Amino acid sequence: MTYLALSNISKKFGDTYAVEDFNLDIEKGEFVSFLGPSGCGKTTTLRMVAGFEIPTTGKITLGGNEITDKSPNQRNVGMIFQAYALFPNMTVAQNIGFGLRIRKEPESAVKQRVDEMVNLINLEKHANKYPYQLSGGQQQRVALARALANRPQVLLLDEPLSALDAKIRVSLRAEIRSIQKRLGITAVFVTHDQEEALSISDRIVVMYEGRVEQVGTPFEIYNFPKTQFVANFVGTLNTAAAEIVDPAKGLLKMDGVELTSADEMNGYKKGDKVLIAIRPERLSFASEQKKANVVDSRIENITFLGSVVRIQVMIGNTKFNMDTFNNPFLELPKIGDVDQVTCSKEAVLILGTADK
Amino acid sequence: MAQTAMSARKIKPPTDWKNWLGVAPFFLFALLFLILPSLRLFAGSFTDKAGNFTLENVRQLFTQQSILNAYWLSIRISAVTAIGGGIFGFLLAYSVTVGGLPRSLRSALITFSGVASNFAGVPLAFAFVATIGRTGFITAVLKDVFGINIYQSGFNLYSFWGLSITYMYFQFPLMVLIMAPALDGLKREWREAAENLGASTFQYWSRVALPVLLPSILGAMILLFGNAFGAYATAYALTGGALPIVTIQIGAQIRGDVLHNPGLGYALAMGMVFIMAISLAGYSWLQKISERWLR
Amino acid sequence: MNRFRRIPFWSWFWYILGAIYFILPLFATLEFSLTAQRDKISLLAYEKAFSDNNFIETFLYSNMLALATIIVSIILIVPTAYWIRLRLPEARRITEFITLMPFVVPAIILVFGLIRIYSSPVTVPFTNVQIFQPLTTTHFGTNVLIVAGYMVLAMPYMYRSVDTGMRTVDIRTLTEAAQSLGANWFTIITKVILPNIRTALLSGALLTFAIVVGEVTLATFLGVDAFGPYLFLLIQHKAYEPAALSFVSFLLTWMAMGLIQLFTGGQGQGAGAH
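Residue numbers (this note's numbering), protein chains in the order written: chain A, 3 to 358; chain B, 553 to 847; chain C, 8 to 281.
In isolation and in its complexed conformation, chain A is listed as follows (with noise of 0.2 Å):
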């Protein structure tokens, strides 16, 4: 059932729309990323749902109450800033008990809700700290706690993690996603970091340049892109020219090489160039095992990434990324060998005319 809604949401400065056609229903309880580069107005949108920022169209609902026109005081969101915002003058549990206190609660009751926060977020011996004596990962932890005391209806987090090291990055979302499911709450999470996105997400919003350009989960959105820009944004990708041979048969050609795909071709015909796209997982040694297309290819590069091998192969005239998982015991090919590397019909996307 829908809890927080967004229909037909757009904003614009002066002539410009930083968000256009933005519609979404999220139920209660989920986890939904707004992902995409700087610009592409996620921050916006999350903004206008805090109410920092007011529509110029749409209609925002939350909990069965329009909420477009309410000032932010009112709203009953929880928001993280990516600089954590603290008050500095505050320790950790005057900080977290704030909202509490607006609110008139009676100063057991603030204090009760306070020692239950700090604990879920397990800084107890920290409680009577000030923000500068605190890391950035605790500080953010601090800033969610101080988000949740108010019982929000739904928690609103605005690339909360962007400022902090690549490990307490990692820990953090782990942390944010688990307490999010414990409580239950709605929550709405803005990155830029399609990894972050992936993970965590019960559903993801990628956007560009203002615009929605697919909604669906991380599997979805990673596996099927719908558009070009999706397939380029979220994991790493191989592109290539293609000219279509047989729409009926999915047949395409590539450098003068055969490839055949399961992709929809209706609406193309014969001769038409269109740009393909492979990810490079789904690329592996024919000597493995044999898929639908089976193409020669010269090695040109090896790189060990760790739990990742990174091959590079010539396929006609353009270098494909393959990935493989590192295996002590396998024996790599040597640069300049010729190989046969083969892919489903699957794994073969079409994105559309090649014109970009």
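Rather than coming from a laboratory, the hints here were simulated on the basis of the structure. It should be emphasised that the depicted structure is a prediction, and the values quoted were computed from it without experimental measurement. Every residue gets a Cβ at the ideal spot worked out from N, C-alpha and C, and that includes glycine. The reader is advised that the hints may include incorrect statements.
Unchecked claim - A few chain B residues that don't get close to chain A, going by computed Cβ distances all over 12 Å:
#1 602
#2 657
#3 755
#4 812
#5 827
Stated by the list, open to error - In silico DSS-like links for lysine-lysine, alpha-carbon gap of 25 Å or less:
#6 739/B - 131/A
#7 228/A - 183/A
#8 695/B - 47/C
#9 293/A - 347/A
#10 293/A - 251/A
#11 275/A - 321/A
#12 183/A - 30/A
#13 131/A - 840/B
#14 739/B - 72/A
#15 293/A - 336/A
#16 271/A - 292/A
#17 14/A - 30/A
Could you slot chains B and C onto chain A? The hints should help.
What follows is chains B and C alone, placed relative to chain A:
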């Protein structure tokens, strides 16, 4: 830290004392023209007329009525202009930062503040005489247009309040120059976070913004206090010595030993240095705190 | 905040109030200076003021004092700041303490001390051997004293300006790069250090100029015929000429500050009261 890095790079680390030669000219200068004069005054305040050590001068500082009056007067003027200058300066700084006035107005105010905080002494005194002196511009306007004769009602430029109003001309700008960056340090997210948690504008200011700014505001006011306390030229140009503040007394003492006790004159000066030192220390300490918060 | 697009009434209120307070005295001075001839706007006061020999002499003299102060300050402070940055970080604390002292020892106290020390012959401590005559009794000596005094007054700003300038351009890395490319010390000073702190030097110089030209306290007590004492005397005898000169003095300060603003792009500098 930097020194060890440098030593690691050098093949032969230079002997320590040679390095201090590089800063010797500066230290020599400071010694000759800053430290020695100050020490002279310091030593002199503990010397009696015969040249022996005494605490009598210091004792007289706290007991002689005219001296106490002088200090009290200086303290009052400094406090009044520090608080008044602080409040209005803060409001001015607020108006062009958080208050949302256009960027151009802010530049104008900051540039002007840089100028006005240096504009003291004779020209400033004259400017105020030309404005609210007996035949001043505003005095005339009030009399001819509004029928109010301020001098008849007891106002006098050449008095405590007249001098205070004049002092404001460099106190307001100094406050603006200190507070504008501090107000810039108020992160926009604090206000948004407070609103998000249910606070009204008043609650944001009373619980977050003003407490965070308090060290800066207090520190600045203390600096203003010291600034006014040490001012001589403006006061002398305006009142000609009629207002017996500490600096004027010291000036008189330099010219001719009006206190009939050189040691007491030195003690008077030292007393003032002491007050200035406390004010500087207070300002520095509060600065450190505010930097921690407004980082 | 986009929500509150209403006109910020109170901001405008305080700003306009401030503007009135600041502009009125300037306006009054200007108005006064233009009415030397009854009921007629004229530049008579300015003509008379500028043609007064005493004005020309004292003003030029003050300018020369300012120039001397600036030059000696630069010669003293730039190498010191550089040395501390590159070779002697331990001296930083004490140096910064010294640059804070002038706040605690304002002009009136400084001149008190200077006079008392230098009005007697300077001797080697504990002996009767004279090094030189009392500085206050000779013209040269007095000039030395007043330039030194001005240097002390300007020192906090000059030092801070130069130090910040050096920090901003990371003078240490530049020096090391120059050394690794084979430059000698002279080249380093003239081609690496000085050009890169140009802005800081200009800033400090302009501020020093503003402080020195109008300075009254040191000049009066040391008996120097500078512009400040001249103006002070003028007020007691004339009416319109002081107004003209006060206004010009304000314009000069404005020009100096405006130039600083131009070169440094934004931070105002307050030198406080005199």
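Structure-based check of all given hints:
{"no.": "1", "hint": "602", "in the structure": "holds, 57 Å"}
{"no.": "2", "hint": "657", "in the structure": "holds, 22 Å"}
{"no.": "3", "hint": "755", "in the structure": "violated, 6 Å"}
{"no.": "4", "hint": "812", "in the structure": "holds, 53 Å"}
{"no.": "5", "hint": "827", "in the structure": "holds, 29 Å"}
{"no.": "6", "hint": "739/B - 131/A", "in the structure": "holds, 20 Å"}
{"no.": "7", "hint": "228/A - 183/A", "in the structure": "violated, 29 Å"}
{"no.": "8", "hint": "695/B - 47/C", "in the structure": "holds, 22 Å"}
{"no.": "9", "hint": "293/A - 347/A", "in the structure": "holds, 8 Å"}
{"no.": "10", "hint": "293/A - 251/A", "in the structure": "holds, 16 Å"}
{"no.": "11", "hint": "275/A - 321/A", "in the structure": "holds, 19 Å"}
{"no.": "12", "hint": "183/A - 30/A", "in the structure": "holds, 11 Å"}
{"no.": "13", "hint": "131/A - 840/B", "in the structure": "holds, 18 Å"}
{"no.": "14", "hint": "739/B - 72/A", "in the structure": "holds, 23 Å"}
{"no.": "15", "hint": "293/A - 336/A", "in the structure": "holds, 23 Å"}
{"no.": "16", "hint": "271/A - 292/A", "in the structure": "violated, 29 Å"}
{"no.": "17", "hint": "14/A - 30/A", "in the structure": "violated, 29 Å"}
The structure is inconsistent with the numbered hints 3, 7, 16, 17, although it conforms to all the rest.
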